[in-house]
Structure formats: structure tokens, C-alpha cells
Amino acid sequence: MTHSISLTVNGARRDFVLDDPRVTLLDLLRERLQLTGTKKGCDRGQCGACTILIDGKRINSCLALAVSHDGADILTIEGVARGDQLHPMQAAFIAHDGFQCGFCTPGQIMSAIGMMQEAQAGNDPERIRECMSGNLCRCGAYAGIVDAVLEVQAGQDEAKQRLSA
Amino acid sequence: MKQFEYVRPASIAEAVAAAAQPGSAYLAAGTNLLDLMKGGVSRPDRLVDVTRLPGLDRVEPLADGSVRIGALVRNANLAHDARFAKAYPAVAEALLSGASAQLRNAATVGGNLLQRTRCAYFYDTASRCNKREAGSGCDARDGENRLHAVLGWSEGCIATHPSDFCVPLVALDAIVEIEGKSGRRELPLAELHRLPGDAPERDSALQPGDLIVAVRLPASARTFATHARYLKVRERTSYAFAVVSAAAALRIENGRIAEARLALGGVAAKPWRADTAEQVLKGATPDAASFQQAAQLALAGAKPSGDNAFKIELARRIVVRALTLAAAGTPARVPALPASPFASVSGALHV
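So the sequence lines, in the order shown, correspond to chains A and B. The numbers in the numbering used here rise by one with no breaks, and the one at position 17 of the first sequence is 17. The numbers in the numbering used here rise by one with no breaks, and the one at position 348 of the second sequence is 348.
The set of hints was computed from the structure by calculation and includes no laboratory data. What you are looking at is a predicted structure, and each value in this text was computed from that prediction instead of being measured. No residue lacks a Cβ here, since even glycine has one placed at the ideal position from N, Cα and C. Careful, some of the hints might be misleading.
[Stated by the list, open to error] Label-pair restraints from in silico Cβ distances:
no.: 1; chain 1: B; residue 1: 205; chain 2: A; residue 2: 139; range: 45 to 55 Å
no.: 2; chain 1: A; residue 1: 156; chain 2: B; residue 2: 182; range: 45 to 55 Å
no.: 3; chain 1: A; residue 1: 94; chain 2: B; residue 2: 136; range: 29 to 39 Å
no.: 4; chain 1: B; residue 1: 205; chain 2: A; residue 2: 118; range: 43 to 53 Å
no.: 5; chain 1: A; residue 1: 56; chain 2: B; residue 2: 332; range: 24 to 34 Å
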């Protein structure tokens with residue numbers, strides 16, 4: 001039995017016919033849309049390399065069946081920049097050496113963007129570390145990642161202050 | 001992963017009928033189930049997707065002072081529901097100490113209750129496991145078992161239930177609402193999970209087709225709001241299951257404990273309510289002596305199931321610490337490292 005689903009991926013509507021319900025969102029993105037920025041690390045929900053936003057919330061795409069997410073609005077690393085203008089989180093990761101090999105980076109960046117929308121960590125490094133614990137970095141770039149998040153948070157706080165001033 | 005049929009029922013009744021057929025499993029977020037299916041540990045013939053069932057994703061305060069949590073409420077949404085977290089702070093802290101932010105955004109209340117053990121021998125299909133395959137034996141018994149059960153285990157199974165959420169829930173007398181083939185019924189959470197006995201393959205009291213639709217906390221649960229904590233020792237500070245955990249809740253009146261609630265996690269195949277310890281705390285002054293007495297009683301029946309005798313003493317100490325923290329009062333905000341015994345250390349780094 002086949003299943004038809006529609007997703008919005010990085011702002012564009014995409015229709016799929018799934019002839020097997022076993023396909024995860026991770027595999028759908030990588031194999032059917034060639035959006036290979038979302039990485040397959042452990043494929044078991046432990047490393048966070050496959051992090052994407054669904055309806056604004058960060059989740060592990062390796063543990064999400066595509067067939068169960070008909071109608072979802074998905075944002076991947078390919079959708080965060082505006083043309084050649086990097087997302088502030090991408091720019092901050094570069095500025096602060098928030099990566100070495102880069103394999104975990106798309107997941108880290110999507111997770112960091114999701115975390116800022118959740119607004120639980122603020123500018124507290126300890127809370128940022130805790131809220132980012134679902135993303136492993138085997139190169140150990142954590143210190144740079146926290147600095148990158150702090151910079152983006154500071155920019156956001158400043159912008160808010162300007163608006164309210 | 002084994003091939004399966006996917007169905008998405010439109011109503012609870014349709015879901016129950018579909019899931020009552022042999023080989024069926026309910027799918028909510030799938031954060032545990034898909035992992036088990038990828039490893040060949042769970043091999044359902046049919047997934048019954050309940051994520052679109054109407055009315056199961058709300059947190060509703062009820063007229064009698066209780067609260068009803070729909071089975072499809074996401075762990076993160078519940079923990080960050082400000083009214084809920086204020087009334088039941090130990091539940092929020094337990095939720096935030098579990099898994100990762102990504103998993104909490106997806107995982108549901110019902111799924112958390114029904115998650116399977118993380119015993120490595122249950123996960124390894126090359127090992128013998130009475131829970132995975134009834135009657136096959138237990139390789140954990142003579143294997144790597146330092147994290148296994150110290151209470152309520154049997155020769156057939158020494159696995160633990162991994163949930164943090166269930167620990168304060170069981171302490172607060174949570175009730176599970178279940179829709180089954182013969183209609184709606186209720187069960188205390190304390191009776192949902194089974195101890196292994198000679199049938200470790202049965203995790204819970206649920207029958208085929210039974211669907212958890214909600215969890216309810218009675219009005220009494222909110223009377224502990226100012227003195228409630230969850231404490232969890234992990235082998236790393238974040239994103240790890242409990243070695244041992246405890247939920248402690250006190251109602252303190254005129255300097256004495258009017259009522260106490262205590263439950264342990266990571267020690268048994270179910271969240272472990274420590275009733276006799278609660279009784280001895282009633283009327284006592286909240287001090288080290290009474291907390292130590294409670295800890296002795298809470299672990300009275302404990303025995304090692306392998307290289308895990310340390311967990312018994314660790315659990316006693318965690319009970320004392322959780323009660324001490326509860327007596328000191330619920331913090332205004334969940335600590336940066338929820339439920340961590342190290343959270344009070346200023347500037348502590350954990351990466």
C-alpha cells in the first residue's frame with residue numbers, strides 16, 4: 001500500500017508518494033530531495049546530527065517516520081540562509097570556530113536556532129550547554145559553539161533593547 | 001527494520017479496534033519505538049498512528065482541583081507549561097532532566113510511560129532476554145549489570161524502568177486513563193508497570209488494544225508545590241538515564257512534616273514508591289535523622305542483582321539529599337542542570 005504525503009520543506013511545498021512506510025524524515029530529505037546537509041550520524045536519536053525544525057521545534061529526524069508527518073513544515077540547514085547572506089548562527093559558528101570536521105555542524109546550528117526560539121537558556125552558558133546536550137561533537141568544539149550561541153543571543157538582546165528604547 | 005502496515009485511525013475507538021489485532025503497536029512520536037524497530041528488538045506487523053487523534057494534546061485543570069494531562073502532550077510542552085510547572089515542580093524538573101531537548105520536543109506523555117527498558121541485553125538481539133523473547137534466558141544476570149535493578153527483580157529479569165517522569169508521578173498518586181476494548185477505565189500509575197516475576201515479557205498491566213489517553217494528578221498533588229524536588233544521578237551530567245533517582249515532596253506545617261511523598265527511579269522495573277518511608281516521615285521534623293531513617297526504610301528490601309550493590313547505598317544517599325532539598329524549598333526556577341546533584345555548584349562546567 002502506498003501513502004501520499006505533502007510537506008513544506010524550506011518554504012516550498014513537496015509532494016511524495018511513499019511505497020514503504022519505513023522511510024524516516026532524515027532519509028526522505030537526503031535521498032528524495034538530495035538535501036544532504038542534514039546528517040545521518042547514529043541514526044538512533046543519540047547524536048543530534050540529524051536535527052531539523054518541524055513546525056518551529058527542533059527534533060531528531062532519524063526517529064521521525066515521514067508518513068506520520070504529513071502536512072509538516074520543515075526547516076533544514078539548507079533553508080536558513082537568505083541567498084548568500086548567512087543566518088546569524090551560521091556566521092557566529094564561523095567567527096567562533098564552532099566546528100572542526102563539520103559533520104555535526106548542521107545539526108548543531110539547527111539545534112541552536114531551535115533553542116533560541118524556545119527561549120529557555122538566555123545568555124547563561126550553563127543553561128546553553130544543558131539545552132545543547134542533545135548534539136554531540138566528536139571534535140570537541142563545544143566551547144566555540146557556546147560562544148557562537150552567546151554572540152547571537154547578545155545580538156538579539158541588543159535588537160530588542162533598541163526596539164523598546 | 002521489518003516491513004509493517006501503517007494505519008492512521010480517525011477516532012480513539014478505531015485506534016483501539018486496530019491495535020487490538022495481534023502484532024499491532026501504537027505509534028506516537030516513535031522516539032523509543034523506532035529505535036527498537038531499527039534494532040529488530042520490536043517487530044510489529046502494524047503501526048497504529050495515534051498522533052492525529054483529537055483531544056489528547058491538552059493540559060486541563062479540572063473543577064475538583066486535579067489536572068488532566070492528555071497522552072499526546074509533548075514532554076517539553078508539559079515541562080514548560082508555566083501553570084503546570086508551578087503546581088507540580090518535581091514533575092517539570094524530572095521531565096527536563098530526561099533525554100535531550102530534541103527528544104523532549106517530540107516524546108509524548110503516553111509514550112514516556114510505555115517506553116521500554118534500556119537494558120543492553122534487551123537491545124542486543126544476539127543476547128538472551130526474557131523480556132524480549134519469553135523463556136529465552138537472561139544474559140544480564142551474569143553480564144554487565146552494574147546499572148540493573150536492586151528492588152523487585154526476579155531471577156528471570158533484572159531490568160529497570162528508565163522513565164524520570166514516572167517517578168514524581170507515582171509519588172503524587174497519578175492515575176492513568178485507559179481506553180480499551182470494553183471502554184474507559186482508570187488505573188493508579190503504581191499499578192501500570194509490572195515487576196518481572198516469572199513473566200518479564202509483560203511490562204505493564206495493559207491488554208491488547210489498550211490506549212493510554214491521559215494521566216491525571218489528583219488535587220492533593222499540588223499541596224506539595226513549595227517543597228518538591230527530583231534528583232537524579234547520571235554517569236554524565238546531561239542526556240543520560242538515571243543510575244538512581246528520587247522524587248521527594250513534603251507538606252510542612254508548623255515545622256513538622258504533615259505529609260511526605262517519596263519514589264525512586266532506576267532501581268526497579270517500575271517507578272518505586274517508598275510507602276513505609278513516607279509513613280515514618282509523617283509527623284517528623286524535617287531533619288537529617290528522620291531523612292536517614294526514611295532512606296533506610298526505602299531500601300529495606302533491596303538486594304544486588306549483580307555488580308550493583310553500590311546502587312543501594314547510593315539510593316539511600318539520594319533519598320536523603322532529595323528530602324533535604326525538598327525541605328529547603330522548591331527553587332523559584334528549575335536549576336540550569338535540572339535534577340543534578342551538582343547543580344548548586346556555581347559555574348560548574350559539564351562539557
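Return the numbers of the hints above that this structure violates; sort them in rising order. Failing hints, ascending: 3 and 4.
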